[in-house]
Amino acid sequence: GQIQLAASEQGLKKANDELERRVWERTVELVEANENLQKGIVERAKTQEKMEYIAYHDSMTGLPNRLLFSQLLSEAVYDASRAGKMLAVLFLDIDSFKMINDTMGHAVGDQLLQEVAERLTNSLRREDVVARFGGDEFIILSPDTKSNLAAHHAPELITVLHPPFELEIEEVLTGASIGISLHPSDGDTAEELIKNADIAMYR
1 GQIQLAASEQ GLKKANDELE RRVWERTVEL VEANENLQKG IVERAKTQEK
51 MEYIAYHDSM TGLPNRLLFS QLLSEAVYDA SRAGKMLAVL FLDIDSFKMI
101 NDTMGHAVGD QLLQEVAERL TNSLRREDVV ARFGGDEFII LSPDTKSNLA
151 AHHAPELITV LHPPFELEIE EVLTGASIGI SLHPSDGDTA EELIKNADIA
201 MYR
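All residue numbers for the sequence shown refer to our numbering, where the first residue is 1 and numbers rise by one.
Read the hints as simulated data drawn from the structure, not as lab findings.
Model, not experiment: these values are computed from the prediction.
Check before you lean on any hint, since a few could be wrong.
What the hints assert, rightly or not - Each computed DSBU-like pair below joins lysine-lysine, with the alpha-carbon atoms no more than 30 Å apart:
id : residue 1 : residue 2
1  : Lys-146   : Lys-195
2  : Lys-195   : Lys-98
3  : Lys-98    : Lys-85
4  : Lys-39    : Lys-85
5  : Lys-195   : Lys-85
Unchecked claim - Label-pair distances were calculated between CB atoms; the ranges are:
id : residue 1 : residue 2 : range
6  : Asp-17    : Tyr-56    : 54 to 60 Å
7  : Val-42    : His-152   : 44 to 50 Å
8  : Glu-43    : Leu-19    : 33 to 39 Å
Glycine included, C-beta positions come from ideal geometry on N, C-alpha and C.
Turn these sequences into a full structure, and let the hints guide you.
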């Protein structure tokens, strides 16, 4: 009877050890699967974040693009309307950019756009938004401003762009033309304000 009991206990211990081994292996598998799942989630989030950045920013300058600017302007118009405040949109076009691009090459043109973007960004208030609208066009949202301040701001921006740009190949001189539209007098929507600032610039 004792021999059978010992054999039974040994068999039970062996079965228990095998069960513990399988539980441990399964636990390790689950931990690894969870770690892989977490890594996948983080990687997908990073990919999503990168895709959103690409969708809303200009690849050349890193500034907001036309799509993001239009959204930010729509929000600013809504806030200004509720608060009874004024905002300004400044549409800026680089003078002689096509000639610079054609005579000096696209690499110089690209570098000039980057330098213009940097100067504009450094000259604006923290609450202002500058975006690359396309080609050699930039657009600026100046919230909570007055018409006289907006009118003074345009010559200041032109002055900022007046000093020569020290590019890789050579020194480049350029300027800018700027048009201004004001909310609410020149439009109640982002589309109207952008269109009227563009028209004002060409005048």
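So, going through the hints one by one against the coordinates:
Restraint check: the Cα-Cα separation between Lys-146 and Lys-195 comes to about 20 Å, which is no more than 30 Å; the hinted pair holds. Of the pairs offered as hints, the one joining Lys-195 and Lys-98 holds, with about 22 Å between alpha carbons and a cut-off of 30 Å not exceeded. This hinted pair does not check out: Lys-98 and Lys-85 have alpha carbons roughly 38 Å apart, beyond 30 Å. Straight-line distance between C-alpha atoms of Lys-39 and Lys-85 comes to about 47 Å, which puts the hinted pair past the 30 Å bound.
About 20 Å separates the Cα atoms of Lys-195 and Lys-85, which keeps this hinted pair within 30 Å; it holds. For Asp-17 paired with Tyr-56, a C-beta distance near 59 Å keeps the hint of 54 to 60 Å intact. Between Val-42 and His-152 the Cβ separation comes to about 48 Å, which falls inside the hinted range of 44 to 50 Å. Distance hint for Glu-43 and Leu-19: a CB-CB separation of about 36 Å, consistent with the stated range 33 to 39 Å.
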